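Asks: Please model the complete structure; the sequences and the hints are all you need to start from.
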Amino acid sequence: MAYKFFPHTDEDIRSMLNTCGAKSIDDLYSDVPSELVFKEDYDLPEAMSEIEIRQYFDYLGEQNTKLTCFMGAGCYDHYSPSVVNDIVRRSEFLTSYTPYQAEISQGTLQYIFEYQSMMAELTGMEVSNASMYDGCTATAEAMMMAVANAKKRNKVLISETVNPIVIRVVETYAKFHGVVVEKIAAEGGVTSRADFEAKIANDDVAGVIVATPNFYGILEDYTGWADLCHEHKALLIMNCVASALGVIKTPAEWGADVAVGDGQSLGIPMNFGGPYVGFLCTSKKLIRKMPGRIVGATKDADGKRTFVLTLQAREQHIRREKATSNICSNESLMALYVTIYMSLMGKKGLREVNELGYSGAHYLAEKLVKSGKFELAFPDKPFLNEFAVKTTQDIDMLQTIGALEGFNVGLKIADDTMLICVTEQRTKDEIDDLADLLIDPLPEEAENEETIEETV
Amino acid sequence: MSKIIDGLYYSESHEYVRVDGEFGYIGITDYAQHELGNVVYVDMPEVDDEVAAGEEFGAVESVKAASDLMSPVSGTVVEVNEALEDEPGLINKDAFENWIIKVELSDKGELDDLMDAEAYKAMIGE
Amino acid sequence: MNNAYYGKLIFELSKEGRCGYSLPENECADYKMQALPANLMRAEAPALPEVDELTVVRHYTNMSNNNFGVDTGFYPLGSCTMKYNPKINEDMAAHPAFTGLHPLQPMGTVDGALEVYYNLQMSLAELAGMSEFTLNPFAGAHGELTGLMIIRSYHMSRGDEKRVKIIVPDSAHGTNPASAAVCGLQVVVVKSRPDGTVDVEDLKPLLDDTIAGMMMTNPNTLGIFEHNIAEIAKLVHEAGGLMYYDGANLNPMLGKVRPGDIGFDVMHINLHKTFSTPHGGGGPGSGPVGVRKGLEQFLPNPRVVKDDMDHFFIEDGEQSLGYISGFLGNFAVMMRAYTYILTLGYNNIKNVGPLATLNANYIKESLKDCYELPIGGVCKHEFVFDGLKDKSTGVTTLDVAKRLLDYGFHSPTIYFPLLFHEALMIEPTENESKETLDGFIEVMKTIAREAKEDPEMVKSAPHNTPVRRLDDTQAALHPIVTYRELQAEAL
Chain A
1416 MAYKFFPHTD EDIRSMLNTC GAKSIDDLYS DVPSELVFKE DYDLPEAMSE
1466 IEIRQYFDYL GEQNTKLTCF MGAGCYDHYS PSVVNDIVRR SEFLTSYTPY
1516 QAEISQGTLQ YIFEYQSMMA ELTGMEVSNA SMYDGCTATA EAMMMAVANA
1566 KKRNKVLISE TVNPIVIRVV ETYAKFHGVV VEKIAAEGGV TSRADFEAKI
1616 ANDDVAGVIV ATPNFYGILE DYTGWADLCH EHKALLIMNC VASALGVIKT
1666 PAEWGADVAV GDGQSLGIPM NFGGPYVGFL CTSKKLIRKM PGRIVGATKD
1716 ADGKRTFVLT LQAREQHIRR EKATSNICSN ESLMALYVTI YMSLMGKKGL
1766 REVNELGYSG AHYLAEKLVK SGKFELAFPD KPFLNEFAVK TTQDIDMLQT
1816 IGALEGFNVG LKIADDTMLI CVTEQRTKDE IDDLADLLID PLPEEAENEE
1866 TIEETV
Chain B
3 MSKIIDGLYY SESHEYVRVD GEFGYIGITD YAQHELGNVV YVDMPEVDDE
53 VAAGEEFGAV ESVKAASDLM SPVSGTVVEV NEALEDEPGL INKDAFENWI
103 IKVELSDKGE LDDLMDAEAY KAMIGE
Chain C
-14 MNNAYYGKLI FELSKEGRCG YSLPENECAD YKMQALPANL MRAEAPALPE
36 VDELTVVRHY TNMSNNNFGV DTGFYPLGSC TMKYNPKINE DMAAHPAFTG
86 LHPLQPMGTV DGALEVYYNL QMSLAELAGM SEFTLNPFAG AHGELTGLMI
136 IRSYHMSRGD EKRVKIIVPD SAHGTNPASA AVCGLQVVVV KSRPDGTVDV
186 EDLKPLLDDT IAGMMMTNPN TLGIFEHNIA EIAKLVHEAG GLMYYDGANL
236 NPMLGKVRPG DIGFDVMHIN LHKTFSTPHG GGGPGSGPVG VRKGLEQFLP
286 NPRVVKDDMD HFFIEDGEQS LGYISGFLGN FAVMMRAYTY ILTLGYNNIK
336 NVGPLATLNA NYIKESLKDC YELPIGGVCK HEFVFDGLKD KSTGVTTLDV
386 AKRLLDYGFH SPTIYFPLLF HEALMIEPTE NESKETLDGF IEVMKTIARE
436 AKEDPEMVKS APHNTPVRRL DDTQAALHPI VTYRELQAEA L
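Residue numbers (this note's numbering), protein chains in the order written: chain A, 1416 to 1871; chain B, 3 to 128; chain C, -14 to 476.
Only true hints are included.
Pair by pair, the computed Cβ-Cβ distance ranges are:
no., chain 1, residue 1, chain 2, residue 2, range
1, C, Gly58, A, Thr1424, 15 to 25 Å
2, C, Gly362, A, Tyr1418, 25 to 35 Å
3, B, Glu87, C, Phe298, 52 to 62 Å
4, C, Thr378, A, Ser1497, 49 to 59 Å
5, B, Glu48, A, Lys1699, 10 to 20 Å
Straight-line C-alpha distance at most 30 Å; calculated DSBU-like pairs for lysine-lysine:
no., chain 1, residue 1, chain 2, residue 2
6, B, Lys66, A, Lys1700
7, A, Lys1699, B, Lys66
8, B, Lys66, C, Lys(-7)
9, A, Lys1714, B, Lys95
10, B, Lys95, A, Lys1719
11, C, Lys444, B, Lys5
12, B, Lys104, A, Lys1566
13, B, Lys66, A, Lys1737
14, A, Lys1699, A, Lys1737
Worth flagging that the hints you see were computed from the coordinates, not collected in a lab.
On a predicted model such as this, the values are computed, not experimentally measured, just so you know.
For glycine and all other residues, C-beta sits at the position ideal for the given N, C-alpha and C.
Replies: Laid out in structure tokens, this is it:
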């Protein structure tokens, strides 16, 4: 049985079985009816050495194409400093469990406390939980939190300008949880105030979900929305792009009750979709309605300042079916990425990241519009580093040619509209190359036709 | 040994009712607070909420446990003990003094379904 | 782990004017963010720390020394399967050909990633005896929720709207009823018999046409195999319900039993337990959900499929329950789990369950004279003691757990399951050597002796950890959850 993960020698096994009063390991399975036992070999490959595994993943990696990324839509190609990736691999953090034994888990508890503090600063809210799976599920949790808070209401409004990827997760949770989700119409790239006013007036809404920046990258003006929500006893939930919160008006400044979103943009690699980290921040008043873990400060028996999981009586392991949520994890390790990232970037770095994205995106947008081949989908609407453009060209074709040239040109969001994002990682040269490609995708048509057909 | 007061009505889920005219003061028994340990939070209904006999109206939490509050009687909440919001530990100091809600009783007949001190004492085996 | 406590917060190291980053020059500086309307911008910069790079590195390195991981020492945490997290997993998860992929990149540029997803999904199906898996759920609890959504979707697809109840044993993890509640199902509890298994006679009257299904953990949370499983599955199926397998305790089944072969229709697996991906201090995990043949169409969107030409695609199904995640789940966690399966191969995976079971039984038999064993007989990968055998000095399970920390072991899971007052749940995993187990056994015996001879010392443990017991009552009474609040309280 000798194998690198199994320390048992034959002699060990014999002696341990002896202690157990068993003749063979099979005896320890004597309680399993024999007709239920799986007697074949698994149809899986034979054990591979590390060398073979590396070769295999190198081979698989070659099947992927690394593209210069101009795509956002909920996942952003920001730079993560070397320090982040070095520290998160420390096995004291990586291989520990949820910090239930506080005496030997202060490391995890301390950084979660820092994470909560930073997320509270970033959103302007009073409290943050210890993190959730991702931005989509965090928004769904906020939806359920609003319904639980309202007690006798089961309707939630969601703006059509929220990322559709978030909306469809919220809708799934709602369908099974018995919540009615109604959309607030989008008009010219922003949420319709008239539609919102009409729908909230029925006094049957538990919560209203809007986004900042919204799916189209637009910074919407939510002046007066919170007051109207509160007048009708509904919570205002704001889904945010974490990185943008370094500069844009915060959910707290808009008067929101709950701020949610994905923290991926704060130092977490794109990783083909995960793992990321969801954040959920709210007011102190609503802290006991908040799902997920919370770390609080306290003292130990010697009077030292220490940290501990707190308000656990809300959670599933104690409240069972009456818990605020079924969530048992927090994405601790991903929260550590975010915490170290924000420690390094600090107050000024986040602003600089946003400035670089803003400048690059506006430079690119202007260049595309000037070409006459593109127009802004929502002209005159303010955006930060992500924007929607309309074109008469075939967007699938642009994506295909882009990929051949090593570019992820952006996301197709309608037959004639695409969403483009620029982060601090994009150089002016890259932006110029992308603009050239989008404006004139087939400079020498005859030569390229063959290649395109092959790809399609 | 837990404190038990004569003249109160007791439920199987360890709530008591102290009747005062048309009103009833509802709280948890001394035995219940002892079992629960340090109370850190009391989740209470709002004034004017209706409560029904045998149904949940809130919860008491300790650090590592939570216990639903089941109303022994039906009626309308006329007052909640706001002192418990700031100092839930009052329940540990004196559970009978520190009632949780005051209810206008809608059916005094329900009291007949509850235990007296003697029966409750027997139930908790003391 | 250090015994000296490093207790600073990064905010306390901050000094105005310091900086820990470098970014390129703005080449498009003509376009200034100040052009955005002021009323859409935040009034003040967030109060984040200002720290230089070395200070950040030392801060988090020192902080990590306050922590205890599987790499630090033995971690017999019941129901959590704290097995070794192989280093090659981490290297593969950090493979640059995968980490830079955007989840919405055009098809044809992510074939390698889709192949990993597809192969892992099929490997899990083979190991569990299921037809197909989705890897989209982010964690075990998320998997449970997804699985219950599949069960409800199945009933609704047949127009059977009245099945709104789910049966859960009283020994179940708290997550089971919590997931059911999120999924809009009512929980019906079935009792356990004195031997810890589900009481079939108590189950029978619960089975009617309002039952959507039954959730079971097998072996259950006491580490006991539910030997009546075939009969239970038959009864539930006859009543029109589906059987859900909570994969929290799948580890001892590897090489021995496949849930799909013993009557389960839907299940989840915790990759962070059975398939060696690190727990990361509470996450990220991954909770793939498998279904038997005939239920695949209800799996969440998007799905990864392979065509006859061996090309991989992302597809949305019409009968699907919907979307439970933004993209395709925690992909980097899948990279680790797939690496693990390839590392072990079929020829080693089959020994995982048996060795985990041997280790658990060895500890149980070695300690049952000092600790109360409420249920005898063989256990699987874990078992439960009901506190010390001699409780006369008032030393509780909590005290024993804390004293273990002094000896350099992580504590077992305590006060779960709720069936016993002083539950102490021990799960050693297959990776631990006889020497490690003997060391643990010796210490557990020493603690039992100390409990008799010097109970006050055990009750005030730990004495040798970075910090002592914490005041969690105060933390819950007056929650201080941010640095801003901490400053105001001057704690």
